[in-house]
Amino acid sequence: MLDPRTFPRPPALQQIKKNILIKFKDGQTIASTDRAYWVLETYHPPTYYLPPDSIKLNLTPTSRRTFCEWKGVATYFSFTTPGGEQVDNRAWTYKEPTPTFAEIKDYVSFYADPRWECYVDGELVEPQPGDFYGGWMTSDIVRKSVKGAPGTRGW
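The sequence shown begins at 1 in this note's numbering and counts up one residue at a time.
No lab work stands behind these hints, which were simulated from the structure alone. Note that CB positions come from ideal geometry on N, CA and C, so glycine has one too. Some hints could be false.
Pairs of lysine to aspartate or glutamate residues, derived as EDC-like cross-links and limited to a Cα-Cα distance of at most 16 Å, are as follows [said to hold, decoys possible]: (1) K95 - E85; (2) K18 - D121; (3) K56 - E126; (4) K25 - E85; (5) K23 - E126; (6) K23 - D106.
Quick list of the computed label-pair ranges, beta carbon to beta carbon [unchecked claim]: (7) R9 - A149: 13 to 23 Å; (8) A12 - P51: 15 to 25 Å; (9) S78 - K25: 15 to 25 Å; (10) R64 - M1: 26 to 36 Å; (11) R115 - F67: 21 to 31 Å.
Put together the whole structure using the sequences plus the hints.
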């Protein structure tokens, strides 16, 4: 089991040997790679970052930016689903990450979202609780140690 209480702070960046697949419900691939990184941070399930050449959609930067004291400023994207729906701010990147996170420069992370499916080594993930954090919950995550649900953002 992976217990997010034991994950480091500041967070750790690690390249992983896992197959990551994101696809729309109709089967169209959004991204597929075995060259991802994950970020492990206390009380968060892993957040996965995929190389830009693994992304099969056109991503358009939006005006949204957020700041992480560890990684830097995140730039968010919009994209269009096969059904023509525009999706805003459900994928992001770090164009100028801090030196510790330089390896994920321009890598893209996606929220797990009901409009598409995210898989880690063939396992369908669940989104981290709440709508702020972008971690992916696999069956090996100790759920009681994950923040994001109401009342847990200040842990």
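Broken hints, by number: Hints 1, 3 and 6 contradicted; others consistent.
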